[in-house]
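Protein chains: 2
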Amino acid sequence: MAGDGSDQRALQYEQTLMYGRYTQELGVYAKEEAARLRESGQRRSVSRTLDLLEYDKGRCAKCRRSGYPYVLEAPPQDFISVCTVRCQKFLISRVGEDWIFLILLGLLMALVSWVMDFCIAICLQAQKWMYGGLDSNVFLQYLAWVTYPVVLITFSAGFTQILAPQAVGSGIPEMKTILRGVVLKEYLTFKTFVAKVIGLTCALGSGMPLGKEGPFVHIASLCAALLSKFMSLFGGIYENESRNIEMLAAACAVGVGCCFAAPIGGVLFSIEVTSTFFAVRNYWRGFFAATFSAFIFRVLAVWNRDEETITALFKTSFRLDFPFDLQELPAFAVIGIANGFGGALFVYLNRLIVQFMRKQKAINRFLMKKRLLYPALVTLLISTLTFPPGFGQFMAGKLTQKESLVTLLDNRTWAKQGIAEEFDYIGHSEAWKHPQVNVFVTLVLFIVMKFWMSALATTIPVPCGAFMPVFVIGAAFGRLVGESMAAWFPDGIHTDGTIYPIVPGGYAVVGAAALSGAVTHTVSTAVIVFELTGQISHILPVMIAVILANAVAQSLQPSLYDSIIRIKKLPYLPELGWGHHEKYNIRVEDIMVRDVRYITLNCSYRDLHNVLLTGHLKTLALVESTESMILLGSIERAQLQALLSLQLGRPRRLEYIRERAVEDKKRLSVVSNDSSENSSHRASQEVRFQISTEDSSLSPTRPVPLKPLKPALKRSSVVERSTEIPTGPHDHSGIALKNLFCASPDTEALEDDVDVEDDMTIREITEWEEKQLDEQVNFNNCKIDPAPFQLVERTSLHKTHTIFSLLGLDHAFVTSIGRLIGVVSLKELRKAIEGSVTVKGAKVRPPLASFRDSGTSSSENEATELHKLWDRHKSMPLPREHTPSESDEKSQ
Amino acid sequence: MAGDGSDQRALQYEQTLMYGRYTQELGVYAKEEAARLRESGQRRSVSRTLDLLEYDKGRCAKCRRSGYPYVLEAPPQDFISVCTVRCQKFLISRVGEDWIFLILLGLLMALVSWVMDFCIAICLQAQKWMYGGLDSNVFLQYLAWVTYPVVLITFSAGFTQILAPQAVGSGIPEMKTILRGVVLKEYLTFKTFVAKVIGLTCALGSGMPLGKEGPFVHIASLCAALLSKFMSLFGGIYENESRNIEMLAAACAVGVGCCFAAPIGGVLFSIEVTSTFFAVRNYWRGFFAATFSAFIFRVLAVWNRDEETITALFKTSFRLDFPFDLQELPAFAVIGIANGFGGALFVYLNRLIVQFMRKQKAINRFLMKKRLLYPALVTLLISTLTFPPGFGQFMAGKLTQKESLVTLLDNRTWAKQGIAEEFDYIGHSEAWKHPQVNVFVTLVLFIVMKFWMSALATTIPVPCGAFMPVFVIGAAFGRLVGESMAAWFPDGIHTDGTIYPIVPGGYAVVGAAALSGAVTHTVSTAVIVFELTGQISHILPVMIAVILANAVAQSLQPSLYDSIIRIKKLPYLPELGWGHHEKYNIRVEDIMVRDVRYITLNCSYRDLHNVLLTGHLKTLALVESTESMILLGSIERAQLQALLSLQLGRPRRLEYIRERAVEDKKRLSVVSNDSSENSSHRASQEVRFQISTEDSSLSPTRPVPLKPLKPALKRSSVVERSTEIPTGPHDHSGIALKNLFCASPDTEALEDDVDVEDDMTIREITEWEEKQLDEQVNFNNCKIDPAPFQLVERTSLHKTHTIFSLLGLDHAFVTSIGRLIGVVSLKELRKAIEGSVTVKGAKVRPPLASFRDSGTSSSENEATELHKLWDRHKSMPLPREHTPSESDEKSQ
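So the sequence lines, in the order shown, correspond to chains Z and L. The first sequence runs 0 to 891 under numbering that gives the first Met the number 0. The second sequence runs 0 to 891 under numbering that gives the first Met the number 0.
Be careful, since some hints might not be right.
For identical chains, the list gives no copy identity; a pair is met inside one copy or between any two copies.
[Claimed, not checked] Mimicking EDC-like on lysine to aspartate or glutamate, the simulated pairs with C-alpha atoms at most 16 Å apart in a straight line are:
{"id": "1", "residue 1": "Lys-360", "residue 2": "Asp-490"}
{"id": "2", "residue 1": "Lys-664", "residue 2": "Glu-654"}
{"id": "3", "residue 1": "Lys-617", "residue 2": "Asp-809"}
{"id": "4", "residue 1": "Lys-617", "residue 2": "Asp-134"}
{"id": "5", "residue 1": "Lys-314", "residue 2": "Asp-606"}
{"id": "6", "residue 1": "Lys-228", "residue 2": "Glu-245"}
{"id": "7", "residue 1": "Lys-368", "residue 2": "Asp-495"}
{"id": "8", "residue 1": "Lys-770", "residue 2": "Glu-827"}
{"id": "9", "residue 1": "Lys-826", "residue 2": "Asp-606"}
{"id": "10", "residue 1": "Lys-830", "residue 2": "Asp-784"}
{"id": "11", "residue 1": "Lys-664", "residue 2": "Asp-561"}
{"id": "12", "residue 1": "Lys-401", "residue 2": "Glu-635"}
{"id": "13", "residue 1": "Lys-798", "residue 2": "Glu-245"}
{"id": "14", "residue 1": "Lys-830", "residue 2": "Asp-97"}
{"id": "15", "residue 1": "Lys-360", "residue 2": "Asp-320"}
{"id": "16", "residue 1": "Lys-314", "residue 2": "Asp-773"}
{"id": "17", "residue 1": "Lys-190", "residue 2": "Asp-589"}
{"id": "18", "residue 1": "Lys-358", "residue 2": "Glu-626"}
{"id": "19", "residue 1": "Lys-798", "residue 2": "Asp-784"}
Just so you know, the hints here were simulated from the structure itself, not pulled from any lab data.
Produce the complete structure using the sequences and hints provided.
Take a look at the structure:
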């Protein structure tokens, strides 16, 4: 399970470099680990049941559902639990209400966002102050200008690296994967939270072109997950997984909402970016939490005297009466199309850098050794180029990201011909003015330099997003077009009556929305822009530009987040492309895996053992018999491992030894029968106790139970037996099991228990195990999913995709009139979709699909199946002949 | 099928009165009718295949899929069809692109919206002109004021009544139902379109407090459906049903978008109002179409010189620098909460009126006779009360809805103390000023009167919505609060520095969004408000008020649309309430119908006949045998009817007669064998021909084939046989069938064919039919769904609800390890949800649920099932006892 350390460290490193290869195995490992944690969590909750009876209602309901009848079969607890259930209900009804959770989440995130902004502002001011204070010596100034971000970024990278490498990057791709139903548990821990918050503050404080939005989505989700965990102390409802997923979706909205003080845009953006199918009943949650969060976030600004009242973050003041002329629309459309190409280029460039770094073995090996060198080098490069007295003077290098944006959205025209000289570049705007160089050149340089800088900077292994940098570049491009228009039409385009000069700030707004929309493949950036600027007058230009940019970008490249998902090889199902109608012609039978691993109802433990040895599947099909192949249900691998562990495990062997001993004793004498039974009881108790300490060494967060378990648990032996079922595989030492769980600490376990008379030799153990393996499996205590999702061979790829994304499936069995004939998992589906998406034009279809199209109609297939069943009943001659299809041959 | 006329007319009348009872039977009827139409459409396409070979690709693929191998088995057509497939492909790739459809839809709807607005404006102006011209005589003035709307509304009601009663009302409830997957085909016809457009124009032109939004959603959907039908002439993709549903969803967005020129709000509102689960991949469609539509709509206004450039519909000009003070927020919250109550009251009042009218038998009977009296009376009442020289002077009665809204959103304060006198009420605003009465009184009267008037007016059987009236009322309430605040704090609340007076217009915006949000249970009214006013500065107050209003209203009443769905008894699945956690405890086994109608694989036609006679189910389960009950699939009722018709129908009997005749002849002589066979061939041909004319009399739209069918179709007898399968039940005259299809025109059919020697007596026919009925059913040509959706008994109600709404299911079979044990349909689910939703607090749970909770754990149930299967294989003693559960007993 642990793998060899160096390998994992290398892997971890790759992850932190953002272009970490997320192998399938790692995903599987993560899931299994998560399952194990959940299992042990359940166990823990059981032992805690006795201490914290007042908090157990929710959990007990869960236990009952999962089939461990602890409390139910312990009669004296009954009336206590009835009382506590009442109390519990009240608590749950209060604390379990969604809105309390959402308010807490919103409040927390607003505070985090505000404090972070505050710290970032201080960091940036400090840099400016240092830079300003050293204006006597340019070299010292340069050193200060460069060292400061290098130190901050290096610290951020190192800190994140050490504490939680999962905190690296934007986090939106991971959230997308998690909301898709994949368990990436390590992404939602407290460590990651701390790493992300501190790492992000430092990274943004450095002044690099990095964004806050993506990480904020992740931070909000972390916050929600942790809050959920905390709240679950008070109410059981917080352990409902589907509810937690819903809350995570709301948290994503909060993340965007409190980052930009944009509740509506936040909700929409988070839906577009993270969901495939959105449950409208969750809509209000997002709105509620995001609004509350944005409200608090802005109230904090008022309270801090930054603002007089609640207003937009980047308030603009364009004129309202005549925002733009109808004839300006082509210019807006041009911005949209150009930004569409730009967005696609950005995604491509970003991926190119990652892939270049990954392919260059020499660089890769060198960087692997010095992990912090890459961030430091990149930061050095970027900050050198922006050094204001150096090249930075031509690209407004001394402005921070926020300042740039404010100046770009300014409602005054910079380059009005003739009047330009008399116009006073007040405030930050003067940074754009260079004595020698035209403002257009400054803008072009700014756009070009920032473009590659942002693409490069977002590959640094620190918590960072790309939204804000892209937003600023888009605004600059829009401003460029706007200034050009203003220079071209100094008196505006409108001909009759009043003069309405062109507002370049409006173009900047349009450009910002379009480019960020193109990079993220979202339309809701339009709404974010309105909320950020506090003006909606440019709604039509913005919408047109965003839609055009999306159309262009989506047909060229995946979105930035999808690109990262592919780079990281996260287990995610790609979207079906626009209007790929051939999807309707590929059927499940063309893509399914026909060689399904299954277990039969009457198999032996040996079969189970063999099946578990051969594959790495998460669930196994349970069929009636090899002959009928009628699908009865599916069982999780962990359950089967538990079954096997139970059968071959130490406790059972000890019991066997005990029984043998008792029998021996009986044969020898009949005296002191009572006391021996007592001692064996104690033995079993201590064995269990020992198991639990063993377990605690594996999960260090678990409190070691110092006192022996309370007598209530020990009442009936059935209870004791069943508590042992969910214990992880590590608790048992068996020779046969060693094959299965290679890294289990069994030798040490064998050594340290001395109080039990384990007098069996290895040969005896092997013999005993062989005997045990030949027994038939008893599925009584096994959790079986009696209705795994089923498809038929003829289900189209399109429908399969819809169902998989709707229900968040990981795999589905393919059945033909009750008989299991194949299995489709996300992997196959992904392959099928990508296979036919990448090669456009020359439709790539599996050979079977063309065969099917050429002749055999599907209804005949159906009829064939029916005929066979028919024949089982009475042998009637078939009225017409039929071509035998592939599926017939396979399904014996 | 037809029912008795008076009954149906009564039904229709009730529908048009908006409180029409939409009985289950009618829904079933609608669906069956739709299925029949689809079937006959398929047949028609087959006959057209030969004439319009160039357009057949899409359809042929469909035919092939549905199992009618026409073209495939007609070799000489093959190379032609290959060519045409190529041409077809090109056409489809162009015309089939979504964006072309969306642009067309947007354009069309913008034109419709603009033309309609234009006509409405003319109507309203005409009324004003008439009223103004007659100012010498108050009585004549009153007559003109009152007659005009009465005539318009009566015409609208009558016109809609005659042309298409489905056009009555908002249409959003119906769209919600259609998007849910229910076929309400009669709601998407051209007739309905015409009726809705003309009816709505007249209704709104009358000046009654009616809205445009809801009907516009319906009109846009109609437009999309018709456009789809039109486009399907060019490409097969338009026949894909799931695509059409997606297009309908986009159309709803267009409807709202071009009604208010609010693309973003339109998309969001339509999602909130019509969807349960929203596919994010359809998001762009809505945005694209709605933006384009809104753009064209506003461009038309510019082109018509109404506007100088593209701006918002109800542009406001509140100050940007300090939109509101933080201390004003409590006032906004109060507006939100009060409007929440108000919204719930509105929905309640609306329903109360409908129910009152329905319950009062005397009124009902009277109104049923004089259908146009009710609209006329209501209009008379409302217009009398708004007569400006009468009571109307106290409630700004002379203002149209649009004018009221413009004045309410005005950024000047009406009631500023002291300064009020000097302030000049310019333009329409003076309507609010009354020499004797305070502006507050006017506002209060306006709110109260308009409130009940709107609730009453929306029950008139004309095409109308309630959004706009509610919006105006909300704005008036907001204004009232705003004016009060302005009177209370004449110099604003802000204490230090500059004076920022309170802007009552901002309160009006907040109020409008909150009340319309409360009535429709949506949050996106906030966005609509921003887009309507063109200002987003009040975003936080609006969001807070809307969320509070929603919270209050949702906990008191269903949304207006859900209320109408309930009133009309449309087949819709209600939403699960907020945080009803007991839903997790109800299981499918508690609500499912255990007495499932099924057919077995080896049943006889008699069994089929009996099953069809006993129930009105749409689909029947096909099981392996009565003993095993293993579910194999499901068959549609129509398919079974066709099977039965084929077995007992006239063609088969004639064939039998012919065979008998041939046999007789053979026995008599062996001469002229060849010629007799020839004649029998001709007979069979003519029989078929006669059938098709018979069919055409039933569906009048179908072109009567004047020439005999082309020889290509007659090549092989297999082809001919299969063409007859999908013909409707009416084509066959059988005695046994008469029970099934009571109104079939069989006697006339028996009389008019004289050229076929139908010499069987009734007794002979009965005998022959009895013989036929005893044969075993041949399912070869029957379309079987091999994977109907399955649930298990333990699936929770919550999950069942999710799955039903996600996949748009109508029913699902409940299986236990492959065996059919029950069925759950929408009806049961609705009952279960409503049963436990209405009675809050004292949880209403089925008796079985409590039984389950008290002891039997679910895993035991599972184990029990497994044990039984286990026992089938080998009889092993069960290791522990189990309580026999309900499901065990039932599933023998």
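| message | When the structure is checked against the list of hints, which entries are broken? Sort them ascending. | response | Violated hints: 1, 4, 5, 7, 8, 9, 10, 11, 12, 14, 15, 16, 17 and 18; rest satisfied.
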